[in-house]
Amino acid sequence: KQEVTQIPAALSVPEGENLVLNCSFTDSAIYNLQWFRQDPGKGLTSLLLIQSSQREQTSGRLNASLDKSSGRSTLYIAASQPGDSATYLCAVRGGNQAGTALIFGKGTTLSVSS
Amino acid sequence: GAGVSQSPSNKVTEKGKDVELRCDPISGHTALYWYRQRLGQGLEFLIYFQGNSAPDKSGLPSDRFSAERTGESVSTLTIQRTQQEDSAVYLCASRLTPGGTEAFFGQGTRLTVV
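Those protein sequences? They're chains A and B, same order as listed. Read left to right, the first sequence gives residues 248 to 361 (the numbering used here). Read left to right, the second sequence gives residues 69 to 182 (the numbering used here).
Simulated from the structure, these hints should not be mistaken for laboratory data. Hints may be right or wrong, so weigh each one.
[Unchecked claim] Lysine to aspartate or glutamate pairs mimicking DMTMM-like chemistry, simulated, CA-CA at most 20 Å apart:
#, chain 1, residue 1, chain 2, residue 2
1, B, Lys79, B, Glu153
2, B, Lys125, B, Glu112
3, A, Lys289, B, Glu112
4, A, Lys248, B, Glu112
5, B, Lys85, B, Glu170
6, A, Lys353, A, Glu250
7, A, Lys353, A, Asp331
8, A, Lys289, B, Glu170
9, A, Lys248, B, Glu136
10, A, Lys315, A, Glu250
11, A, Lys289, A, Asp331
12, B, Lys125, B, Glu82
13, B, Lys125, B, Glu140
14, A, Lys353, B, Asp92
15, B, Lys125, A, Glu250
16, A, Lys289, B, Glu140
17, A, Lys353, B, Glu112
18, B, Lys125, B, Glu136
19, A, Lys315, B, Glu170
[To be verified] Simulated DEER-style distance windows between Cβ atoms:
#, chain 1, residue 1, chain 2, residue 2, range
20, B, Lys125, A, Gln298, 25 to 35 Å
21, A, Ala325, B, Glu170, 20 to 30 Å
22, A, Ser300, B, Val182, 42 to 52 Å
23, B, Ser130, A, Ser300, 18 to 28 Å
24, A, Asp286, B, Ser126, 45 to 55 Å
25, A, Ala276, B, Glu170, 16 to 26 Å
26, A, Gly330, B, Asn120, 23 to 33 Å
[As the list claims (entries may be wrong)] Residues from chain B that face chain A, not an exhaustive set, calculated with beta carbons under 10 Å:
#, residue
27, Tyr101
28, Leu111
29, Leu114
30, Tyr116
31, Asp124
32, Ser126
33, Leu128
34, Pro129
35, Val157
36, Cys160
37, Thr169
38, Phe173
Backbone N, C-alpha and C fix where the C-beta goes; we use that ideal spot for every residue, glycine too.
Just chain A, with the same shape it has in the complex (with noise of 0.2 Å):
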């Protein structure tokens, strides 16, 4: 059964500071990861999906990165703003092309102070 994880729960970062959030996940069979970001009391908005052939996908401050072998992701996000505060997830397809759902880690909550 699919698992994901995701460190830390929580992060607070001054504003302008360059930071990493970390995904990992236990069966490397997946079809693709998508990040989402997560405001409070709000549904989800994707960031960036990024296709188990790919390593890497960028936009604007953002990067997505994807080592499927070793389970692992990582979203970077560069010169945090206060308006990046909110609740980041990660999410996995697993490898079955009829369609399977997305498997969602409990999110890495960041604040960033101005």
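Fit chain B to the given chain A structure using the hints.
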């Protein structure tokens, strides 16, 4: 609409009553997912639809929970004889195909059972 739409956004119900939650996926998205998120917890997978059929119902927590989808569009999640432990945010997501595309989430329905 452009995104996944869920209704109602908030629902307060008395213990023992039945509730129906609605999800309108992005037009043309054949894959649809329901998740539950209890306060302070991660996302729990409930059920996955491909078209109008549900190949994966493994996450439904009890026979009080059921879901259907019609016209390869709208889905309803029904909870019968609600219990206090059913209080959570219920999130719906849709995807263009069951393949390697991004999942997009609605804003969720916050269900409170009193």
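Could you check the structure against the hints above and give me the numbers of any it violates, in ascending order?
5, 9, 12, 14, 16, 23, 24, 26, 33, 34
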